[in-house]
Structures are given as structure tokens and as C-alpha cells.
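Each protein sequence line maps, in turn, to chains A and B.
Take 1 as the starting number for the first sequence in full-length UniProt numbering and just add one per residue.
Take 1 as the starting number for the second sequence in full-length UniProt numbering and just add one per residue.
Errors might be hidden in some of the hints.
Quick list of the computed label-pair ranges, beta carbon to beta carbon [as the list claims (entries may be wrong)]:
{"#": "1", "chain 1": "B", "residue 1": "N85", "chain 2": "A", "residue 2": "S429", "range": "30 to 36 Å"}
{"#": "2", "chain 1": "B", "residue 1": "N85", "chain 2": "A", "residue 2": "L438", "range": "49 to 55 Å"}
{"#": "3", "chain 1": "B", "residue 1": "S52", "chain 2": "A", "residue 2": "S188", "range": "17 to 23 Å"}
{"#": "4", "chain 1": "B", "residue 1": "G106", "chain 2": "A", "residue 2": "K796", "range": "53 to 59 Å"}
{"#": "5", "chain 1": "B", "residue 1": "G106", "chain 2": "A", "residue 2": "L377", "range": "36 to 42 Å"}
{"#": "6", "chain 1": "B", "residue 1": "N85", "chain 2": "A", "residue 2": "L275", "range": "27 to 33 Å"}
{"#": "7", "chain 1": "A", "residue 1": "K796", "chain 2": "B", "residue 2": "N85", "range": "28 to 34 Å"}
{"#": "8", "chain 1": "A", "residue 1": "F376", "chain 2": "B", "residue 2": "S52", "range": "39 to 45 Å"}
{"#": "9", "chain 1": "A", "residue 1": "L377", "chain 2": "B", "residue 2": "S52", "range": "35 to 41 Å"}
Simulated pairs of lysine-lysine, DSS-like, Cα-Cα distance not exceeding 25 Å [stated by the list, open to error]:
{"#": "10", "chain 1": "B", "residue 1": "K93", "chain 2": "A", "residue 2": "K783"}
{"#": "11", "chain 1": "A", "residue 1": "K647", "chain 2": "A", "residue 2": "K264"}
{"#": "12", "chain 1": "A", "residue 1": "K598", "chain 2": "B", "residue 2": "K93"}
{"#": "13", "chain 1": "A", "residue 1": "K378", "chain 2": "B", "residue 2": "K131"}
{"#": "14", "chain 1": "A", "residue 1": "K647", "chain 2": "A", "residue 2": "K600"}
{"#": "15", "chain 1": "B", "residue 1": "K131", "chain 2": "A", "residue 2": "K392"}
{"#": "16", "chain 1": "A", "residue 1": "K392", "chain 2": "B", "residue 2": "K93"}
{"#": "17", "chain 1": "A", "residue 1": "K264", "chain 2": "A", "residue 2": "K638"}
{"#": "18", "chain 1": "B", "residue 1": "K93", "chain 2": "A", "residue 2": "K782"}
{"#": "19", "chain 1": "B", "residue 1": "K131", "chain 2": "A", "residue 2": "K408"}
{"#": "20", "chain 1": "A", "residue 1": "K408", "chain 2": "A", "residue 2": "K392"}
{"#": "21", "chain 1": "B", "residue 1": "K131", "chain 2": "A", "residue 2": "K782"}
Covered stretches of chain A (in silico footprint by chain B; criterion: 3 or more residues with CB under 8 Å from a CB of chain B, positions within the stretch not fixed) [as the list claims (entries may be wrong)]:
{"#": "22", "segment": "95-105"}
{"#": "23", "segment": "178-185"}
{"#": "24", "segment": "302-308"}
{"#": "25", "segment": "349-357"}
{"#": "26", "segment": "394-406"}
{"#": "27", "segment": "419-433"}
These aren't lab readings, by the way, just hints derived from the structure by calculation.
The structure presented is a predicted model; accordingly, all values stated were derived computationally and were not measured.
In this text, a Cβ means the ideal position worked out from N, Cα and C, and glycines have one as well.
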Amino acid sequence: MSQLPAFTLRVPENTESDGQEPSPDNEGALHSSFCELIEEQSSLVAGAIEMELQERSREPSALLPPLDPMATAGLEPKQGEQHPGYATTLRILANMPSHTIGRSRGAIISQYYNRTARLRRRSSRPSLQQLSHTARPSLRQYDLESDPTNATLADKQSLLAKELLSLPPAQRSQVLLEVPLSLEEKRSLRRQLSQRRSTPGLRVHSSEPTSPCAWCQDCIVLGCRTLWYRFLALIHAAQPWHYALKQISGRFGSSVLSYFLFLKTLLLFNIISFLLLLVFVVALQAAYPPAVASPRPFTGLELLTGAGSFTHSLLYYGYYSNTTLNDPSASSPSGSTSPSRATQLPYNMPLAYMFTIGANFFATCILLMYSMYHSFLKSYRVGSSTGVLAIKIFSAWDFKVVQRHSVKLQSENICTQLKELLAEQRLRSCPLSLPQRLRHITVLLLAWLLALGTVLGCVVAVYYFSELMHMVQQKQGAAAGSVWLQEGVLLALPFVVSLLNTLMPHFYNLLAAWEKQDSPEAEVYVAICRNLLLKMVVLGLLCYQWLSRRLVCSAKECWETCVGQDLYRFVVMDFIFTLLDTGFGELLWRLILEKKLKSKRRPEFDIAQNVLELIYGQTLTWLGVLFAPLLPAVQVVKLLLLFYIKKTSLMQNCQSPSKPWQASHMSTVFITLLFFPSFLGAAIFVSYTIWWEKPSETCGPFRGLQTIYQTPKVWVELLEESNPNIAWFGWIPQYLVENTVFLFFLTGMVLAVIYFNIQVLRGQRQIICLLEEQIANEGEDKKFLIQRIHCIYDDKVHCA
Amino acid sequence: MPKEQRENACSVPLLLVAQCQPCPEPSPSWQANPFQHRICHVFSTSVDGDDSLSFEDFLDMLSAFSDAATSDIKSNYAFRIFDFNDDGVLDRKDLEELVNCLTGQGEEARLSSAEMEQLICNVLEESDIDKDGTINLSEFQHVISRSPDFVSTFAVGRARALCVCSSSGFGAGWLPSGNSSVQGARSIP
Numbered sequence: 001m002s003q004l005p006a007f008t009l010r011v012p013e014n015t016e017s018d019g020q021e022p023s024p025d026n027e028g029a030l031h032s033s034f035c036e037l038i039e040e041q042s043s044l045v046a047g048a049i050e051m052e053l054q055e056r057s058r059e060p061s062a063l064l065p066p067l068d069p070m071a072t073a074g075l076e077p078k079q080g081e082q083h084p085g086y087a088t089t090l091r092i093l094a095n096m097p098s099h100t101i102g103r104s105r106g107a108i109i110s111q112y113y114n115r116t117a118r119l120r121r122r123s124s125r126p127s128l129q130q131l132s133h134t135a136r137p138s139l140r141q142y143d144l145e146s147d148p149t150n151a152t153l154a155d156k157q158s159l160l161a162k163e164l165l166s167l168p169p170a171q172r173s174q175v176l177l178e179v180p181l182s183l184e185e186k187r188s189l190r191r192q193l194s195q196r197r198s199t200p201g202l203r204v205h206s207s208e209p210t211s212p213c214a215w216c217q218d219c220i221v222l223g224c225r226t227l228w229y230r231f232l233a234l235i236h237a238a239q240p241w242h243y244a245l246k247q248i249s250g251r252f253g254s255s256v257l258s259y260f261l262f263l264k265t266l267l268l269f270n271i272i273s274f275l276l277l278l279v280f281v282v283a284l285q286a287a288y289p290p291a292v293a294s295p296r297p298f299t300g301l302e303l304l305t306g307a308g309s310f311t312h313s314l315l316y317y318g319y320y321s322n323t324t325l326n327d328p329s330a331s332s333p334s335g336s337t338s339p340s341r342a343t344q345l346p347y348n349m350p351l352a353y354m355f356t357i358g359a360n361f362f363a364t365c366i367l368l369m370y371s372m373y374h375s376f377l378k379s380y381r382v383g384s385s386t387g388v389l390a391i392k393i394f395s396a397w398d399f400k401v402v403q404r405h406s407v408k409l410q411s412e413n414i415c416t417q418l419k420e421l422l423a424e425q426r427l428r429s430c431p432l433s434l435p436q437r438l439r440h441i442t443v444l445l446l447a448w449l450l451a452l453g454t455v456l457g458c459v460v461a462v463y464y465f466s467e468l469m470h471m472v473q474q475k476q477g478a479a480a481g482s483v484w485l486q487e488g489v490l491l492a493l494p495f496v497v498s499l500l501n502t503l504m505p506h507f508y509n510l511l512a513a514w515e516k517q518d519s520p521e522a523e524v525y526v527a528i529c530r531n532l533l534l535k536m537v538v539l540g541l542l543c544y545q546w547l548s549r550r551l552v553c554s555a556k557e558c559w560e561t562c563v564g565q566d567l568y569r570f571v572v573m574d575f576i577f578t579l580l581d582t583g584f585g586e587l588l589w590r591l592i593l594e595k596k597l598k599s600k601r602r603p604e605f606d607i608a609q610n611v612l613e614l615i616y617g618q619t620l621t622w623l624g625v626l627f628a629p630l631l632p633a634v635q636v637v638k639l640l641l642l643f644y645i646k647k648t649s650l651m652q653n654c655q656s657p658s659k660p661w662q663a664s665h666m667s668t669v670f671i672t673l674l675f676f677p678s679f680l681g682a683a684i685f686v687s688y689t690i691w692w693e694k695p696s697e698t699c700g701p702f703r704g705l706q707t708i709y710q711t712p713k714v715w716v717e718l719l720e721e722s723n724p725n726i727a728w729f730g731w732i733p734q735y736l737v738e739n740t741v742f743l744f745f746l747t748g749m750v751l752a753v754i755y756f757n758i759q760v761l762r763g764q765r766q767i768i769c770l771l772e773e774q775i776a777n778e779g780e781d782k783k784f785l786i787q788r789i790h791c792i793y794d795d796k797v798h799c800a
Numbered sequence: 001m002p003k004e005q006r007e008n009a010c011s012v013p014l015l016l017v018a019q020c021q022p023c024p025e026p027s028p029s030w031q032a033n034p035f036q037h038r039i040c041h042v043f044s045t046s047v048d049g050d051d052s053l054s055f056e057d058f059l060d061m062l063s064a065f066s067d068a069a070t071s072d073i074k075s076n077y078a079f080r081i082f083d084f085n086d087d088g089v090l091d092r093k094d095l096e097e098l099v100n101c102l103t104g105q106g107e108e109a110r111l112s113s114a115e116m117e118q119l120i121c122n123v124l125e126e127s128d129i130d131k132d133g134t135i136n137l138s139e140f141q142h143v144i145s146r147s148p149d150f151v152s153t154f155a156v157g158r159a160r161a162l163c164v165c166s167s168s169g170f171g172a173g174w175l176p177s178g179n180s181s182v183q184g185a186r187s188i189p
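Construct all of the structure, not just a fragment, from the sequences and the given hints.
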């Protein structure tokens, strides 16, 4: 036993024999033992300081820590007269483990030694007989004989190496990875490990000249590893837009980067949808084109309206045939492959169409839920709502930003945010008087009423406008108008809706400026809420109109193709208006600010607004997939163009946003918004269409059926007829999908899991509170002990 | 050659490179960063005390700032960077200097003394659990664990790391040493 740990009292025998705590009668003994303890510690400290001077020559400041800790710990040094034990106490405090771990390598090695020892000793603890009675329970985890706190650095390293050897290799390399030491020390640790690993018996084996086989093997392993690392680096460099994203984050920070990452995610979803549809539906229909009436010539206007020559093309639902393609029992269709082919695989187009759309939605759902889960894991922490200021100053500085001007801007932003947070806190500490609060509430209520009123107004306007357009087209259908007027009528409704979607957010910004919310974060949430409400309500109205067939149409007999065309027009108009908004909102505004107002500030990149536009565009695509299978391709092209246009405009015209923006938190919010109103709404719309709507009689893969959902039922019946053995296959849709008991059961399970997780979280929060209380009590203990030591020292000095 | 000797032989050219080209100044990409001197100080292992970075120190720095480094390592190095007087805890003076670095050097950019006082009192109230007036490493790590943004803001990213590496004159080479492989900015075992 080298030394007793510092917190064990060496109480003399006569007090220990009756097993009670030392009574006040024995305080003399207590005092003397404390004095001895202080002297011992001072000599140890002197020795330790010499050791640390040898280790690291740059720590002279550690010897005399500043006076502040003691001042705030409640032991005020009296003016002009310092406690004689003050310097010693400070030296002792400076070498407390909690202080040394932050600055000394030896302490880090000790800490990791203890952690590794604890890993090894999880199941076995040293028996209680070996420890003295006054040892604290936590001591039982330590091996007192090899307590490394006072060992030399080399000893500590060898102790750690010995512990690491006892771990399995994977865990060993994991621990080595996580130790915050420099490369040199990790290398020396590894050298020690490899020295220790080769026992004397094996050492002989490894020191003899290796055979050519082993040498070849080593070469191959090294070569493979090198190739693997180069391959990994290539993969990282080959990610799309890798350098562009780094450029953006370097100039504007993580907040603006989150918009572009969201765009990349949407692009991925659309590419997957497009590939699925291409492989299973579009390519096969293109290989076996149905007989179509004479196609109209291509004029440029089709790109805008989606009508004209695009009407009877692969783009829309109406083109797809409702028969089995390449059916060997049917007569060979014209233009098919040569009949000399040995096998001809029939392809049931209606079934493929329906299942591909279903698989598309299912895959998107899984991907979205996985992204939400991933994003939520990264962004949510227990207790992250408290301690905002501390978190802010420790994690506010974005090290990705490197340009001088951007760094200056970042500093200004942080300053503004800190000032706002402090002002908010001051406001909260002195609450507003009653008339001020009433006024604030009235303003809030008015603003919300105004916002909801405008939403209602927009919805009513869209409804009446679409009715008007419907009437105009019916009148026009009787009389043959000019081509331009016909196309104009088609484009009018998308134009009006996109105009509203572009102008209303600016109005809401003005409203927010008048409203003056308490915190900038609340402002962002309120703005998102209002914009989303407007977009979703308008889309809901349009869905209702589409399903009730009240739309402006160029292909009268095929309502699905009409809906598909309408959605195509909406997507294209949305893109055009985004371009106009970028041009006017960013480029023109910057020119006005520079030339007319001569101000240095540039327009800010409004992240929330842009992300909501992306969500809106994606909702339109998901709504239209059933009616226009190539719409994801259109969306892919649109997103690619949008990336480059937005990036160029950002670099030329904008500056980073000054409002605080928690990038990870907001990313989670956006993915959730993409899932909850957007994807689920589209899924409900498509499900309703598949289950209840009657497909048109004359076009599309489901003509003649009662509902689209009958397709698999018909197929299952066919299967049962042809092979009675697989009749059980028909039970699956009947009992799993149509039976509600199974769905209730699934929902019950999910709710139970959610409830369980909430309870676990609540328990964790309680434990954190308890632990914080315990640590505060330990701090009180520390102060008490220091005061007692000073009292004892005083007594000793007076007595002497 | 037995394995240990071969590994030592491979690492020798690395040391030669390191001795030939120490980096006395912070890397060009971080000239505007207010923490550049602290970063050099923390990562430097030179015995002269001149805060110069050898190649291995540079690698340590990139490793700590990479996306693959654990939150533990990042918080450890962040603590050392923010500890301006190197005493192992963050006391009031450290926090004051930290806030001044964050808000910038201009006179109008700094917080007033009343605001600074309020800020530091609040920070200590929120993070100092044992109420000794300082924030030690464990308390700092506790605060950081509640911040989901820390891991992404205390990071530099791969392409930047390779650019920085090559522009500082070291060149991102591939060293086939068995022990420590250089991969630009992956966490180094």
C-alpha cells in the first residue's frame, strides 16, 4: 500500500474501536490528523509540481491559479490580509483531479486507465475485507495498490498499456481512438502494447528472419489497405456537389448549408422514384407502344402546358395500356420483337403500374422515416431546452467559416444574438405591466386573425377563379378560339396559385415585423406555420376540385390525364415563379440597396421560405405520380437547375441570415414537415383515388374496372382459377389489408412503444436532476472542508 | 525485417518531413479565425514552447476537427482551446475572453460590462453544478452533451482539410506505415 487516498481520515485507534463516529471530545485528535494531512499534501504537491515541470515545461501558470475560484467559493480573502494557509490551499485545489484533467496529459492517462479498469472489472469487485472501514464505497472500484494518481508519466503509460491488453482487440482500438492524446503518445502506447503482446516465447519466433511467404502476405495486406484508403477518399471526393457545398458552408455557415442538403435529399428521393417507374412501367410501355391516333406536331408550348403533343405520350396515365404486354396467346402485335424468340414473357401492365406506384410510395415512406429518425437522433438531446446561453457561447462559433468577411459577419451575428438573448432574459425577469401585456396579446390576436383571414380569402379566390376558368373553357369549347387563348385558359389557374404562394410570404414577413414576437425562434416557427397553412389549404382545395372533375381540360374523355396535365403545369409554374422570386427578391433588391440606397447590407437568404417552396414542389410531384409517371423526372430536372441557380444567386447577391438558426434542429423540423402534411397528404389522396374513384372508361391501364384496387383482386382470382393450390394467397389481402383488426393491432403496438419511450425519457430527466443535486452537495462538502482546514490551521498557529 | 522494425523504418521519413517543415504560423485558411493562436498552442507538442506545429500535430488537429472524431475528443480539445490561462478550468476571465473572441475585436461589437456580467453570471449558473465558480472539464462536457450543434460546428470537413493540408506545403501523402495511416482527416487511431 503506497499511500492512502487523500480523502481517508487517519483517525486514531481509540475512536475507531467502538465503531462510532468521532465525538466532539476527540476533536483534538481530528485537528492534529487534519494538520498532518495538510503537511503531507503540501509535500506531495511540491513533489508533483516538480514532476509536472519535467513533463511539460509550459505550465508555470498552473502553479498559481487565479484568486477568483476561492473568492466565489465564499472564502473571501480579507482586504490586505491573506489567510496564511491560502497559498497552500490554492496549490492543493489546483491539483484536484477535476482541475488537472483539463490540462495535464498524465491525468488523462490516469482517467483512461481507470475507465479501462472499470470496463474490465464490471463483474468482479475486490472484496470488502481488503479495504479499511473508512473507505468510501466508490473506492471499491479502484485497485488501491496500483492507484496511478501519484505515479510518474511513464508508469502511468505502462499501467494503461497493461489494462488495454486485457481488452478484446476491437474494443482496444476503439479506446485508443477515443483517447484525446497526441499522435506521439498514441504511437508510444501502441509500441508498448506490441512489445507486451509478444511474450518471450513468441518474441523468439518473430525475431527470426521471416519466410518469403509471410513477407508476401504482409506486402499484400499493406497494398490492399492502401488501395482501400484511396478508394474511400475517391468516394468522398466523388459525392455530387461536394466542393460546391463546402464553398457554401465556408461563406455562409451551416444554416444556409441545411437548405442545400435538404435539396440534395429531395433529389435522391426523386431519382429513386424515377428509376423505379422507369424500369417497371415506362420502359416496357415504350417498348410496346399502343396504337395511337395521329400525334400532333410538337410546338414549344407543350413544355409549358403539358398539353398538345404531350397528351398522348408516356408522360401521362392515358397512354398506358390495360392489357398484358407481349402476351404469347394474343396475336403478335405490330412492331413487336421477332416471333423466333424462344421465350416470351408476358407482362401484366395494369398490375405492374399499380404495384410500382405502391412500391414507390412505400420506399419513399421508409426513406423518409429513416431520415427523420437519423435527423432526430442527431438533433435531440435530453435537457437541451435549459442552459441556452452556455450552449450558445460554447457551440456558436462555426469553424467551417473561413473567409475574412464571413468571419467578421459571424462575429456580428453572434454579438447580436447574445444581446437579444440577454434582453429577452431581462424582459422575462421584469415582466410587463398589465396594459402592456394586454396590448401585446391584442396585437398577436389581430395578426393571427389577419393571417387566417388572408388564407381564407386566398382559398375563396382560388375557388371562384377556377370556376370562372371552367366556365370560360366550356364557352370556348363551343366556339373555336385561338390557340393562345386556349393555352392561356389552361395556364391561368396555376399562374394565380403560384402568384399567391409567392406574394403571401412577403406579406407575412411584414406582419411579423409589425407583430414583434418575443424571441427570434418563435418568429421563425410562426412564419413557417402560416406559410404552410396557406399552401396546404390551397392544395387541399385543388385536390377536391380534381376529384370532383371540375377542371379545365384538353383531353375531355380522360380525367386522369387532365389531372396529370394540371399537376405538370403547376410544377412548371412553381419553377418559373421561384426563378422570378430569386431574380426580383435577391438580384434586384441587391441592386437597389447598392445603387439607390448605397447601403452595404445585402438581402438575406430566407431559409424557411425557400425550404417551404421545396416542400410544396415535392408535394405536387407526389400527388401527380399516379397520373403522370414521368413527373419525378421533371422534378429531378427542376431540382438540378434550381441548385445551380440558387447557388449562383446566393454567391452573388446574398449574405448569411442574421437571425439565430439551430441547423440540426431546423433540419429535423423540415424533414418532419416533409413527412407529415406533405407526404401523408399525398399518400392519402392517392390511396383515396385507388380505393374509391372510378377510372375512366376509354383510357389508361385500369379502364373498365370499378376501382383501381380491383386489379390485384382480379389477378388473384385468375391465379386461383389456374392453380387451386395457392388459394391461400388470396387470404393475404382479405385478412391483412381489408380487415381492420390487424391495423388496430399495429397501431396499438406503435402507441405502446411510443409511451414506453416517453416514460424512459422522463426517468432519465429525473435522474439527471438527482445527479446535479448530488454534485452541488459535493461542492458544499468541499467548501465546508476547506473552511474547517483553515480553522484548524488557525488553531494550530495560535497554539504554536 | 520483423514487424516492429519495419514499422519504425516507415515512420522515420514522416519524422524527417516533420522536422524539415514545421508550421510556425497558423494555416492559411484560419488566418481570420479568432481562435487560431489557441488552436496552435493546444495542438503543439514542441518542447521550445513556440507553439509551432509539426506534421503530426497538424494531423492531430485535422483529426480532432474531422467529422469522424467523437464528441468526447472534440469536447476535450474545445475545453483546452477555451481555457485561455491553461489552468484546467474555465473561470470568469476565460469566459470573458471567450465572449470577446466570439463577438469580435471592434469596439462597437463588444458587449457592455453590464451585459458581460449578466452573461457570465447566467452561464455559470447554468453550467457550474458544484458551485465553485469555475467550469471544469466534466461540467463542460455536460453542457456540450446538451448541444446537438456542437459536433457540426466544431468541425472542418474533409475537402477543406485536404486543401488546407496541401496549401500549407505538407501534401496529403499516403504513408504505408502499419501503425498510423494518414487519411486526410479521418480520426487517427
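Hints and how they fare:
For N85(B) and S429(A), the hinted distance range of 30 to 36 Å is satisfied, since their beta carbons lie about 31 Å from each other. The hinted window of 49 to 55 Å between N85(B) and L438(A) holds, with their beta carbons roughly 50 Å apart. Hint check: S52(B) to S188(A), Cβ distance near 21 Å, so the stated range 17 to 23 Å holds. A beta carbon spacing of about 54 Å between G106(B) and K796(A) agrees with the range 53 to 59 Å that was offered as a hint.
At about 39 Å, the CB distance of G106(B) to L377(A) agrees with the hint of 36 to 42 Å. For N85(B) paired with L275(A), a C-beta distance near 59 Å fails the hint of 27 to 33 Å. Restraint check, K796(A) to N85(B): a C-beta distance of roughly 33 Å satisfies the suggested window 28 to 34 Å. Between F376(A) and S52(B) the C-beta distance comes to about 44 Å, which sits within the given range of 39 to 45 Å.
A hinted range of 35 to 41 Å for the beta carbons of L377(A) and S52(B) is consistent with their spacing of about 40 Å. The suggested pairing of K93(B) with K783(A) holds, with an alpha-carbon distance near 22 Å, which does not exceed 25 Å. For the suggested pair K647(A) and K264(A), the alpha carbons sit about 13 Å apart, so the restraint of at most 25 Å is met. At most 25 Å may separate the alpha-carbon atoms for a hinted pair to count; K598(A) and K93(B) exceed this at roughly 41 Å.
Distance hint between K378(A) and K131(B) is unfulfilled; the C-alpha atoms sit about 30 Å from each other, more than 25 Å. Restraint check for K647(A) and K600(A): the C-alpha separation of about 21 Å stays at or below 25 Å, so the hint holds. At most 25 Å may separate the alpha-carbon atoms for a hinted pair to count; K131(B) and K392(A) meet this at roughly 20 Å. At roughly 18 Å between alpha-carbon atoms, K392(A) and K93(B) fall within 25 Å of each other, so this suggested pair holds.
Between K264(A) and K638(A) the CA atoms are separated by roughly 12 Å; this keeps the pair inside 25 Å, and the hint holds. Of the supplied pair hints, the one linking K93(B) and K782(A) holds, its CA atoms being roughly 23 Å apart against a limit of 25 Å. About 35 Å separates the Cα atoms of K131(B) and K408(A), which puts this hinted pair outside 25 Å; it is violated. Annotation: proposed proximity of K408(A) to K392(A) holds, straight-line Cα distance about 18 Å (limit 25 Å).
Under the criterion of a C-alpha separation no larger than 25 Å, the hint pairing K131(B) with K782(A) is consistent with the structure, at around 10 Å. Chain B is given as covering the segment 95-105 of chain A, and this holds because 7 residues of the stretch bring a CB closer than 8 Å to a CB of that chain, at least three being needed. Judged by the Cβ-Cβ criterion of 8 Å, the segment 178-185 of chain A is covered by chain B as claimed, because 5 of its residues qualify and three suffice. For the segment 302-308 of chain A, the stated coverage by chain B is violated: 0 residues have a C-beta nearer than 8 Å to a C-beta of that chain, whereas at least 3 were required.
For the segment 349-357 of chain A, the stated coverage by chain B is violated: 0 residues have a C-beta nearer than 8 Å to a C-beta of that chain, whereas at least 3 were required. For the segment 394-406 of chain A, the stated coverage by chain B is satisfied: 10 residues place a CB nearer than 8 Å to a CB of that chain, which reaches the threshold of 3. For the segment 419-433 of chain A, the stated coverage by chain B is satisfied: 4 residues place a CB nearer than 8 Å to a CB of that chain, which reaches the threshold of 3.
Comparing the model with each numbered hint stated earlier shows that hints 6, 12, 13, 19, 24, 25 do not hold.
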